[in-house]
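**Student:** Please put together the full structure from these sequences, using the hints given.
Chains A, B, C, D, E and F supply the protein sequences, listed in that same order. For the first sequence, the residue numbers in the working numbering are 1 to 246. For the second sequence, the residue numbers in the working numbering are 1001 to 1246. For the third sequence, the residue numbers in the working numbering are 2001 to 2246. For the fourth sequence, the residue numbers in the working numbering are 3001 to 3246. For the fifth sequence, the residue numbers in the working numbering are 4001 to 4246. For the sixth sequence, the residue numbers in the working numbering are 5001 to 5246.
Each statement offered as a hint is correct.
Which residues of chain C face chain D? A partial, calculated answer using Cβ under 7 Å:
1) Phe2041
2) Arg2047
3) His2082
I should point out that these hints are in silico values taken from the structure, not numbers from a laboratory. Using N, Cα and C, we set each Cβ at its ideal position, and we do this for glycine too.
Number of protein chains: 6
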Amino acid sequence: MRLLLINPNTTRDLTDRLVASAVRVLPSDVELLTATASTGFSYISSRAEAQIAAVGVLEVLAEQTRSIDAAIIAAFGDPGLHAARELFDLPVTGMSEAAMIMSLSLGERFAFVTFSPRLGPWYAEQVARAGLSARFAGIFTPEEMFGSIASVAEDLRSPLLRVCLRAASEADVVILAGAPIAGLAADIAGEVPAILIDPIQAAVLQAVALCRLAPKGADSGSFARPPGKDSTGLPDALASWIARRP
Amino acid sequence: MRLLLINPNTTRDLTDRLVASAVRVLPSDVELLTATASTGFSYISSRAEAQIAAVGVLEVLAEQTRSIDAAIIAAFGDPGLHAARELFDLPVTGMSEAAMIMSLSLGERFAFVTFSPRLGPWYAEQVARAGLSARFAGIFTPEEMFGSIASVAEDLRSPLLRVCLRAASEADVVILAGAPIAGLAADIAGEVPAILIDPIQAAVLQAVALCRLAPKGADSGSFARPPGKDSTGLPDALASWIARRP
Amino acid sequence: MRLLLINPNTTRDLTDRLVASAVRVLPSDVELLTATASTGFSYISSRAEAQIAAVGVLEVLAEQTRSIDAAIIAAFGDPGLHAARELFDLPVTGMSEAAMIMSLSLGERFAFVTFSPRLGPWYAEQVARAGLSARFAGIFTPEEMFGSIASVAEDLRSPLLRVCLRAASEADVVILAGAPIAGLAADIAGEVPAILIDPIQAAVLQAVALCRLAPKGADSGSFARPPGKDSTGLPDALASWIARRP
Amino acid sequence: MRLLLINPNTTRDLTDRLVASAVRVLPSDVELLTATASTGFSYISSRAEAQIAAVGVLEVLAEQTRSIDAAIIAAFGDPGLHAARELFDLPVTGMSEAAMIMSLSLGERFAFVTFSPRLGPWYAEQVARAGLSARFAGIFTPEEMFGSIASVAEDLRSPLLRVCLRAASEADVVILAGAPIAGLAADIAGEVPAILIDPIQAAVLQAVALCRLAPKGADSGSFARPPGKDSTGLPDALASWIARRP
Amino acid sequence: MRLLLINPNTTRDLTDRLVASAVRVLPSDVELLTATASTGFSYISSRAEAQIAAVGVLEVLAEQTRSIDAAIIAAFGDPGLHAARELFDLPVTGMSEAAMIMSLSLGERFAFVTFSPRLGPWYAEQVARAGLSARFAGIFTPEEMFGSIASVAEDLRSPLLRVCLRAASEADVVILAGAPIAGLAADIAGEVPAILIDPIQAAVLQAVALCRLAPKGADSGSFARPPGKDSTGLPDALASWIARRP
Amino acid sequence: MRLLLINPNTTRDLTDRLVASAVRVLPSDVELLTATASTGFSYISSRAEAQIAAVGVLEVLAEQTRSIDAAIIAAFGDPGLHAARELFDLPVTGMSEAAMIMSLSLGERFAFVTFSPRLGPWYAEQVARAGLSARFAGIFTPEEMFGSIASVAEDLRSPLLRVCLRAASEADVVILAGAPIAGLAADIAGEVPAILIDPIQAAVLQAVALCRLAPKGADSGSFARPPGKDSTGLPDALASWIARRP
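**Tutor:** Here it is as structure tokens:
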């Protein structure tokens, strides 16, 4: 089984951090490939940036879909997730969605803990989009500002731990949201009286499970692949895929 | 007051059709400018196509935001709407959202009538996204296939009228969804026992109302403009705007 | 275009205050007429009072419906709104509903700020009635008591400003609820980091938009006018209108 | 225990029909008084009519509240119910609300069967108002027109039975909605494979239960009685009660 | 009328306490029988314990159903309630459900006050199960630990009163949840500005009302009794009842 | 990794059928143990039967929890699922919940197809219990009666296929609900234009994923294990586990 982890941010260090966390839960018979966005932003933190980065995700998938079994969109707001599901014929998972889904069989309510209040509105949309508001306990963020995106998990360890304790009083499962804090869940698990989820681990495990399930069908319905269509000004691989050209 | 109607499709005939309907409700002191997408698809009909076209909308806005008072995204699924609101400091309306909002004070329940079942899932998402499911009576589409996107309003007039009658038995307000059937509402209003909404008219009137209201504030909150940020590989105007370069 | 602003309270000063705010956003081709209730209460502040005042609203409409294009019910709980929509063949807007609707395209979540906790339960009902609970961030009121209903906007300016700041931390859009604080939004807009809505402005702009849209239809459905019916003991104009007597 | 059954319609025959059904379930130690509206409509069938009739209900209550233990508003849309709860210090029940509440412990989902499609939108509002949409299976009505309101239960017996059978396939509990069909439930219970509720029976039993429970408190909260207030043009008893004059 | 109050806990003192509260509201023509669980737990306080105790409730009902008119499951989480409704042909009420239902006509929002945070998740499930989340203001518990289950109402009187005051600021109706605090509502009613409900009283009154209503039907639908079925290893009375053996 | 598949029914043939389907998706490093209920019913088909069978599930878990890594409750209504999560310190999955969760990343809406209308109400409760109603398209069942529970998948193949086609017009994902039709999804996948889920496969894959995730925490919260407690009349292993005796 070959999984492609697509980092929609342009920062390769984030890709490495995500992989480091993912491999801890990876079955031995699964190969994890990676792609890092070549255009866009060093770190996506708004709807507009996610909107733009999503096209890069589709482009990567158009190039590599034939040589992989499933893909993981490795940014917490899941940029391009539903478009990708519609356009490609393999399982695609996202960090927000997979973490929420995984939480559903571990507790009644889940919370997000993240490192910047600016991420809140965008992340909250994913909950509503998934129809999971009834089980959502809210977003919790520290007051402290972070310095560098590369070291936020280390710089804000204490404030994030405090926020996790607050979240744990409202929720059974706490999701540590955002690629830059991948790995933090394992680090602080012993100190928080709630179940902690590292979203990249959830996204990878969900992709593995979907591959094994090998879902067929969906020639119709919400994520049926659209008929071939011409376009103007798109990257070649994406234009070809959309046009259903070989 | 200067409004910019942005057609995210590349078909200029659709822009003309939309303008023809919009001007019927336009106050005399409002100037309506238009922009038609130069890249993307002749007619967007899936989430993936909307995802891609949205970036073109942001690009147009980055180029023209300084010389307009409000903008209308003139495709029914509102591609790029929330990203545009976040990124730009002027009112932005979309055809789906404005039509739904306008319906709320005309009846208890609204329905969508559109010309192709393929549009259903994408359009239905807009209802959930807006939190308006409690007032939604569903999507109604004819079985008949349409020939050309340019003449669908004429080619399918009878089937669409039949579908409107069905929708009218479930809803108080029927929204004729999709740019290619702009103008149809006025044509068949006398034949359907429900209130018909032409979404481009709703979107233009909503933009006018928001301009007059002149909302201020939102330095924080969901649609606060993000701080300046560098990017890689974006069109110049969009990159400059996002970087907050003058 | 002739709009009738109906103040369901018997206090003429409130009518003047509402008009003063409304004219700031009124297009130049719109004439704003007013009517102040002759029976009922100086200021409605409970469900029971609203229930009673609503009949006065219907009576005014029965007298004047033939000479106006749309009506605005100018009390925040919208007394008689749905009854009026059902009974009369022109657009009718209300301050609560219009403010909520307008907020939907300005932010994700709206809050109400008002000057007395007693108004809370009645106002909250309007949100549930409109099916908009998913986008509601709650009602915020000061602890301070107000002296005169005529000067509450001035007397409680500081406490209301503090409450708005609290509301702004939970909501993107803050609606200043209640006729006695009409005009306050413009006064304090610079001091609150959220979008402020003055409901009478929203209600007037919504009425203008609906007039331009000129919705037709609804011979059936939720707000279809009932067939003529006899009654006992009603004011003449209202009885005649309900009986469909010329 | 003295209960007052208030018929908000002006038709005394309806009062008699309601009493005939109510007494079948009345405990022997309960006295049932009645009042029939002296102004308003022979049969309320729209929101506007309910809005007007509600004031008559409040007037009756202001006159008789001191000599009764609880009141029942005996029209299916519960005109004036929440206003009455707020204004008076005794339990008040309504036919729609009581029937819905009673159904909650008899099955998972309830349906309304009524005799005219025109009643649908008004009745449906009560479900949303009560926050019970999750357990509502819809409104079912016959196609047939009824002749006289006095004999609709007899004239439409067959069509209503057919409609009940349809409703029984969607719901566990079928509520026979509308004062003119009081008593029908007992008549057809043997022919419908669902639990049938006669709303006047539910409303009377709910009033009896609330009287026995003797709830105290509510000096604050949603239904706290408003402070005394002057008014203009109201009937004497109602004005005095609202002013808290002895 | 003969009601059976089934205490699913094995503590007879709790049965006595429940009866003491119930008889205060019991009509004179109603006989109240009791049964105390002979297996299970002295006091159920988790889902698992409720799951186990529920079978005991079904067993008691199988033994006694032929000699009673209705049954009350007298533990707040309503162990076995829906199973009992399905299996037996008489009205069955539960303390949580009846208290919630009764609250619906006394205020807009209800809260639970209970004596241990551990009960929260289990109790909260009942609200969701009943589809009443829209009217739920939350669960409020004291920080203090209780000593003996037999005297918690007395030991924690002060902390529970403080918690009730907090709950009263969020809700119109406060439900004192849990058999060990039966009777407390009457004790503190004068000190809390909200309506207090003692759930055993609500459950008994609801059972009386349902007996008087004498619902028939439900040969189909959610709570239709299943066809006879063989089983292995069940207590005799329960096995016979399920097998529909005489 | 050692998984225990617990069949709460007493029919061993069903266990074999479930295992036959599960092993098709089982990773090679996972060992699948099984247990078949020794008391209860040959096939659970009502809430009451599920209530009783759940205790057997807890008993099996009390006996075997120390020698396994995760457990699967292999009956579609998930008898005992939440009680088991609370009581035991390992991941427990259920067929209904796992199938619903798995469907969330494969389509917008899921439907249940099952072989008997009697199962509907019980199965529908699981959707509400999980808070997933917003994504549920309903339950679809054939009119045809089945003969033997052992051969229902074969006997009703044609009717079930027709029902799946109907379900596929409302949902993107169709869940083939009920242990007796395990394996049918693979059989008919090519004939239905929707994604089909075999719930036992989903439940096994979900258990594997949760084992790899190795969630820690939950010393508090909804599924925290209760403190040790004495009991009366329980099977030894269960009583010991609940008492936290070694």
